[in-house]
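Take any residue in the sequence shown, note its place counting from 1, add 28, and you have its number in my numbering.
Be aware that one or more of the hints could be misleading.
Capping the alpha-carbon separation at 30 Å, the derived lysine-lysine pairs in DSS-like fashion look like this [unchecked claim]:
| no. | residue 1 | residue 2 |
| --- | --- | --- |
| 1 | 187 | 128 |
| 2 | 154 | 42 |
| 3 | 177 | 211 |
| 4 | 49 | 189 |
| 5 | 132 | 122 |
| 6 | 31 | 149 |
| 7 | 149 | 177 |
| 8 | 151 | 192 |
| 9 | 42 | 203 |
| 10 | 210 | 192 |
| 11 | 204 | 108 |
| 12 | 192 | 128 |
| 13 | 196 | 128 |
| 14 | 189 | 149 |
| 15 | 49 | 210 |
| 16 | 104 | 128 |
No lab work stands behind these hints: they were computed from the structure.
Given the structure is predicted, the values throughout are model-derived calculations rather than measurements.
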Amino acid sequence: MLKNIFRHLRTVTKHRNAVAKNCFRAGIPMRGLLHDLSKFSCEEFFESARHYQGTRSPTEHEREVNGCSLVWMHHKGRNKHHYEYWVDVNPISKNYEPVKMPTKYLVEMFCDRIAASKIYKGKDYKDSSAYDYFMNSRARNSMHPETAKELEYLLTVLKDKGEKEGFKAAREMLKKDRESRKKK
Numbered sequence: 029m030l031k032n033i034f035r036h037l038r039t040v041t042k043h044r045n046a047v048a049k050n051c052f053r054a055g056i057p058m059r060g061l062l063h064d065l066s067k068f069s070c071e072e073f074f075e076s077a078r079h080y081q082g083t084r085s086p087t088e089h090e091r092e093v094n095g096c097s098l099v100w101m102h103h104k105g106r107n108k109h110h111y112e113y114w115v116d117v118n119p120i121s122k123n124y125e126p127v128k129m130p131t132k133y134l135v136e137m138f139c140d141r142i143a144a145s146k147i148y149k150g151k152d153y154k155d156s157s158a159y160d161y162f163m164n165s166r167a168r169n170s171m172h173p174e175t176a177k178e179l180e181y182l183l184t185v186l187k188d189k190g191e192k193e194g195f196k197a198a199r200e201m202l203k204k205d206r207e208s209r210k211k212k
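Using the sequences plus the hints, can you model the full thing?
Structural data, given as structure tokens:
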């Protein structure tokens, strides 16, 4: 267990640093500095270390062993860059439905997905890795349609034109969002 604590700490720190670097490149440095701080909480850290394998998220293993992941439930409820955070009861239908993510958290999610793909793929990482993961996941159908469309756009730019253009597209998306909010 002690070995896993240090391995998990190394992985989480490496991931946070990669996301912070990406967020700085995307123009949201504060989101990078605040990214995933809950992973260091007692509720998340030690249980994640217990399920640490090094090749995938510990929450996946926790889910297989326990039937659910309490770590994930804690994490998604405290980190606004996860689309699962943005689910609420629709006042008309009275059903839980996805809500459109604010742009700064969408861009942080983009930065997070790049970093996670690089860490889990290692030398096999390609600019298409995050796009491929997204397109093959259920996430597209679970998030607000506009959020999914905007994330797919950023991941497509990354895949087709590389990181420099991907981060440029993210900065442009943030600028457009700031300008539209000023007009309101």
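Going down the list of hints, with the structure as the test:
1. 187 - 128: Within the cut-off at roughly 24 Å; holds.
2. 154 - 42: This hinted pair holds, its Cα atoms lying about 18 Å apart.
3. 177 - 211: holds, 23 Å
4. 49 - 189: Within the cut-off at roughly 19 Å; holds.
5. 132 - 122: Since the Cα atoms of residue 132 and residue 122 sit roughly 28 Å apart, the hinted pair holds (cutoff 30 Å).
6. 31 - 149: With a Cα-Cα distance of about 22 Å, the restraint between residue 31 and residue 149 holds, given a limit of 30 Å.
7. 149 - 177: holds, 24 Å
8. 151 - 192: holds, 19 Å
9. 42 - 203: holds, 29 Å
10. 210 - 192: Holds. Residue 210 to residue 192 sits at ~27 Å (cutoff 30 Å).
11. 204 - 108: Holds, at about 20 Å.
12. 192 - 128: holds, 26 Å
13. 196 - 128: holds, 22 Å
14. 189 - 149: Status holds; Cα separation ~20 Å.
15. 49 - 210: OK: residue 49 and residue 210 at ~28 Å, within 30 Å.
16. 104 - 128: Satisfied, since the Cα-Cα distance of roughly 16 Å is no more than 30 Å.
Against the hints set out earlier in the document, no violation occurs for any number.
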